[in-house]
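Number of protein chains: 4
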Amino acid sequence: MAGSTYGNLFKITTWGESHGKAIGVVVDGVPAGLDLNEEIIQQYLNRRRPGQSEFTTERNESDSVEILSGTFEGKSTGAPISMIVRNKDQHSADYDDIATYYRPGHADYTFDAKYGFRDYRGGGRTSGRETIGRVAAGAIASEILKKLNINVRAYTKSIGDININYSNCQISNIAKSPFSMPDLEASEAVEELVRLKKEEQDSLGGIIECIISGMPIGVGEPVFDKLDANLAKAIMSIGAIKGIEFGSGFMAAKSTGSQNNDPFIIDENGNISKVTNNAGGLLGGLSDGTEIVFRAAVKPTSSIAMTQKTVNKAGENIEINIKGRHDPLIVPRAVVVVESMAAITLVDMLFMNMTSKIDNIVKIYK
Amino acid sequence: MAGSTYGNLFKITTWGESHGKAIGVVVDGVPAGLDLNEEIIQQYLNRRRPGQSEFTTERNESDSVEILSGTFEGKSTGAPISMIVRNKDQHSADYDDIATYYRPGHADYTFDAKYGFRDYRGGGRTSGRETIGRVAAGAIASEILKKLNINVRAYTKSIGDININYSNCQISNIAKSPFSMPDLEASEAVEELVRLKKEEQDSLGGIIECIISGMPIGVGEPVFDKLDANLAKAIMSIGAIKGIEFGSGFMAAKSTGSQNNDPFIIDENGNISKVTNNAGGLLGGLSDGTEIVFRAAVKPTSSIAMTQKTVNKAGENIEINIKGRHDPLIVPRAVVVVESMAAITLVDMLFMNMTSKIDNIVKIYK
Amino acid sequence: MAGSTYGNLFKITTWGESHGKAIGVVVDGVPAGLDLNEEIIQQYLNRRRPGQSEFTTERNESDSVEILSGTFEGKSTGAPISMIVRNKDQHSADYDDIATYYRPGHADYTFDAKYGFRDYRGGGRTSGRETIGRVAAGAIASEILKKLNINVRAYTKSIGDININYSNCQISNIAKSPFSMPDLEASEAVEELVRLKKEEQDSLGGIIECIISGMPIGVGEPVFDKLDANLAKAIMSIGAIKGIEFGSGFMAAKSTGSQNNDPFIIDENGNISKVTNNAGGLLGGLSDGTEIVFRAAVKPTSSIAMTQKTVNKAGENIEINIKGRHDPLIVPRAVVVVESMAAITLVDMLFMNMTSKIDNIVKIYK
Amino acid sequence: MAGSTYGNLFKITTWGESHGKAIGVVVDGVPAGLDLNEEIIQQYLNRRRPGQSEFTTERNESDSVEILSGTFEGKSTGAPISMIVRNKDQHSADYDDIATYYRPGHADYTFDAKYGFRDYRGGGRTSGRETIGRVAAGAIASEILKKLNINVRAYTKSIGDININYSNCQISNIAKSPFSMPDLEASEAVEELVRLKKEEQDSLGGIIECIISGMPIGVGEPVFDKLDANLAKAIMSIGAIKGIEFGSGFMAAKSTGSQNNDPFIIDENGNISKVTNNAGGLLGGLSDGTEIVFRAAVKPTSSIAMTQKTVNKAGENIEINIKGRHDPLIVPRAVVVVESMAAITLVDMLFMNMTSKIDNIVKIYK
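From first to last, the protein sequence lines stand for chains X, V, G and A.
Sequence positions in the first sequence follow the numbering used here and run -16 to 349.
Sequence positions in the second sequence follow the numbering used here and run -16 to 349.
Sequence positions in the third sequence follow the numbering used here and run -16 to 349.
Sequence positions in the fourth sequence follow the numbering used here and run -16 to 349.
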């Protein structure tokens, strides 16, 4: 129990259900003196807001955030920051019949088993709306990272079989693509594919890639709180994520040491750098000063309009057609969630790393 | 800092360096009344012991475990169980020169940056010997799982390009294969491949697959301590692991909802089961009562005898030949480590799940 | 940082400032199936509400609680329960001048040093209003304890020099006394004393005693999470508490082993009991099945109307008269806060104790 | 379960029983670069070693510590430091009969109830020998505090009815007194008292006072991890401690606001200081830059040779005479344990405080 809190020094606690009164988060451990207001947070939330293109759920939520505590005169005070988003466009009636059966791919069955019953309206706590709290917290983490010139950028690498072509990629494209793809050609191909799958009442999955630049060297805590280990937990805790890999990832399993090792080199500026980055910016679970690169696999949306076989609580085999308003693919709106969970993890681990050397402690206190 | 402790209710703390006096672990939260002695633990440790075939390091360590606390008359008492393995066959001299340069693929560089210096002998804390503590703790976790009829089994799925063929697989083969492969044909092919790569002074990676059966439904704590999220952290915290996926994993990204959803069905015994298991035994981050399946990518051993380019502390580009006794591939000895970290995580989360319903609490106290 | 979360399995996170928009708490780890609604919580909150007698602050707050998540059809779902109380009767203007100086006995000075600045309105996060979140969470904990027939009762033992006389005490008196004293004679004497001190523009302290009955034997986790250790932290974390003692407490320091040891005896029902209870219901940090008894010392309200010497931020010695609406004594309203923190701690530790024996685990899972 | 770990960033895990093979501790989160070796640790351990005067147990243990990990060339490496002390002079036979009954004042009864059985030899995990791990860890914490010019000093304030007279006190006396009293006159009076009580086969309690100087302002994490709250937990977790108070403590309950508030003043050096220190160096749970002062009540040794009434496991009322070698009073040897737990807590909270301001973070990373 009590799995709604994440982080050690930078700690977030999310709460709220899809069709409850509101969704929110408490962020504790925010250092005092950071510029913060609702406009800053809202920009991040707007990136995951539904209804921004024909390719997302039709549920219409403005998702306006209210900061209830922890700031004073536009700055964080060091006290916990409580943020809330009221739910507005709930169609709970859509969900009345799902109370009686178990949707394939959803957690209806496991929640009933664990808790004895469940809040079935819109998936309750398992809804994608739960990520609102993650993104609001991630916004604060991202503002802290900015102060340290650390940048976290995620984007869609593939949808179904359509992959981005790196030679076509531009950062500025990400915001232009309804699928958060940096390659607009690929994005257009995806557009067609999604329309087809919507017609077929089916859904699509994809891969999100995330690149972190500007990380200081040595962040991560051996041996269990390695930076990649904690990032893996953070990202895997997002609903619908089924896998994660760093650097060459699963390809490393097929390569040899001489291929996969990244030789160190003294670069033109006299700095230590690496010739390649198969390691994905991590050596021994610590950031190595190069870009941290990871990819996460997102499964296709479980809620599809197509007829599906399943069982009901009475123990009967039945056929269902899921109503409600669902995204034909989760990937594009999950991009900012991946960035958020990465940012939260980075801040927490940057904080933890501050006591690695006795000199750092003396620097703060003397 | 303080990253050497893992788990909440079942908590392990590992310590020790490759060429220090000893390696050990303290396991806290072991319920009282469990049969435990050194023989039981030793069986698990023997599976990761070096020197068992020509394909592992020549370092000769018996790795005999001593239990120092927490048992009385052959049973756990509820007190922390401290276990120690003395290091014996240390060749520290092999490592004198690595003090001056950074080995590619190793954490030498990041440790120096983080801590200001490092115990360079045999990789110090980043050595594979650190996993001794994990396996000794995993042995206790596995004994607890046995009481609940839960089984954790890992094996090598592939080495380089050689994959097991599931139709050839038998559990009993795993112990017969020097690579822990359930398919002896594949194992023989690997044997040849490894001999070749050793000759080339190179190394190999591979994929470990793990299957957990017998799990009760509903284990996992939404939303951050999902069972897959915590397993991902546990497995990714093992050195050399570069990725993890559950069920259909990265393939899910290419499939559609109608392909990837596992339909529920009432089976011949009147129980709810699933027609397929693309979910890998987890729905919404909770165990769904079917087999939990995950795969982890293991990179090739970083220490290779082949000449490599790197830099030294003086800021010069140099060429090195790593001495010492190294495994040509990490995978086979990592199998038991993967099982151990999985078992530890399962026990911790089974314990956490016990308070999910008010009825459970009443059952214990009334 | 991140000190706003308390508890392991039953975990509360409080937020909010005296003169911010609202005060609240998220309670995570509440087992599913507990009857819960706003009326139940409100009853506990009403006990700490201001304005209930002439002896509390004149700030008029209804402190109406709203449950935002975690319940469905009147029962807890296992999801985090978010509760909020809007601030209404704020007179922020009263606090404008305290921005420039440091009030004796308050945390103005230490907050400025720690965070660089502070939300000075009404003490911000250090206000007594912060305890609203504790009481709302304590209400849930108390409902869980009721299911196990465990009772937590605190009351005022003394104010200034006036002590209750145990021979006059009745539980039913506590609610009748404006000072939560079980002895109405003592309560009347206190009434006079408080009037006198108010006239003198001064304030009073006192001692709260808490008695816990019905605890199962053996709750508490050696060696650091002893039940008394965790209760001590919980109670000491309440503002204005300056000391805590269990059983004979500081008197034990003056007694001998033969006086202080509580002999065991087989009672008339054939049960093991103790002849005396100098231990206060705890042996080795574990509950021993008898009443747990502790006392907490509450300092006099720091905000007094009387002229006081202090310093301002400009580095000058000044004299001040604190305006605002303050309680002449904190004790009576702190009684329910003490009960709440005790209840929260008991629930957390009852949950932790559930895995003490392997048999308990088998009982839940088989 | 799992109560053997204490601390967040500076984390200690103790293990071992009185009559097991050894006692030990793992200290994780020690910053790299601290001078550390066995001689340094041993000095602290020698202060709690038995057999140093006629007033302690006759058990003869050299308590020689061995560092097994985490140091390299005389400095901490950032890796966990494992320390072990082998038990040598065990007389387990002394304890055979206590297996069958419950000693008054001891945890025999509660351990049996919690765990189903217990390691009865010498009290097992509840023995005073458990504190060896605390002191070894405290030694490391104290070395860190030295780097920051923070000093922790505890001493015996009273034994039975005999109090120190502050006008007689000198720091240098503490080491001269067999009871760690800074007033040698009082110490001599205690000597007589202890001889008398030993003759009577009885035991004595007392009060330990601890003074911490040099603390930076603002250390402590509102609202649950206040510095006094965490110190209270740390000290109360030591066996035999029955109460703790800070500054004026329980006396504050009898005073008024005008008496108990400490006026701020600009001192002769232009610094902010306080005229008095009733607060005990803490305002709002944060260190205020003045001396932190607390007192802990220690109960008389439970093991007395005098005949006592109790019950056995067969459910009979019996009379017992406890054999074994016991201290007639615990206080003197507990002094260094109090210092140790205070030092560990201070280091942990100094580390946590480092992220209170965004400026601190920028200072470390830019």
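Accuracy of the hints is not assured; some may be wrong.
With a straight-line cut-off of 25 angstroms between C-alpha atoms, the simulated DSS-like cross-links for lysine-lysine are [as the list claims (entries may be wrong)]:
#, chain 1, residue 1, chain 2, residue 2
1, A, K346, A, K130
2, V, K237, X, K181
3, V, K71, A, K58
4, G, K346, V, K130
5, V, K159, V, K181
6, V, K181, X, K159
7, V, K346, V, K130
8, X, K71, G, K58
Here chain G is said to cover these stretches of chain X; the calculated rule only asks that three of the stretch's residues, wherever they fall, bring their Cβ under 8 angstroms from a Cβ of chain G [stated by the list, open to error]:
#, segment
9, 53 to 61
10, 82 to 93
11, 164 to 171
12, 199 to 209
13, 249 to 256
Keep in mind the hints are simulated off the structure, nothing from the lab.
Note that the Cβ used here is the ideal one computed from N, Cα and C, for glycine as well.
Now for the hints, and whether the structure bears them out:
Between K346 of chain A and K130 of chain A, the direct Cα distance comes to roughly 19 angstroms. Compliance with the 25 angstroms bound is thereby established for this hinted pair. Straight-line distance between C-alpha atoms of K237 of chain V and K181 of chain X comes to about 16 angstroms, which keeps the hinted pair within the 25 angstroms bound. Annotation: proposed proximity of K71 of chain V to K58 of chain A holds, straight-line Cα distance about 23 angstroms (limit 25 angstroms). As the CA atoms of K346 of chain G and K130 of chain V are separated by approximately 11 angstroms, the hinted pair is consistent with the 25 angstroms bound.
At most 25 angstroms may separate the alpha-carbon atoms for a hinted pair to count; K159 of chain V and K181 of chain V meet this at roughly 21 angstroms. Taking the CA atoms of K181 of chain V and K159 of chain X, the gap is near 50 angstroms; set against the 25 angstroms cutoff, the hint is violated. This hinted pair checks out: K346 of chain V and K130 of chain V have alpha carbons roughly 19 angstroms apart, not beyond 25 angstroms. The hinted pair formed by K71 of chain X and K58 of chain G meets the criterion: a straight-line CA distance of about 23 angstroms does not exceed 25 angstroms.
For the segment 53 to 61 of chain X, the stated coverage by chain G is satisfied: 5 residues place a CB nearer than 8 angstroms to a CB of that chain, which reaches the threshold of 3. Judged by the Cβ-Cβ criterion of 8 angstroms, the segment 82 to 93 of chain X is not covered by chain G as claimed, because only 0 of its residues qualify and three are needed. Look at the segment 164 to 171 of chain X against chain G: 0 of its residues bring a Cβ nearer than 8 angstroms to a Cβ of that chain, fewer than three, so the hint is violated. Three residues within the 8 angstroms Cβ limit are the bar, and the segment 199 to 209 of chain X against chain G gives 0, so the coverage statement is violated.
Only residues whose beta carbon comes within less than 8 angstroms of a beta carbon in chain G count, and the segment 249 to 256 of chain X has 0; fewer than three means the coverage is violated.
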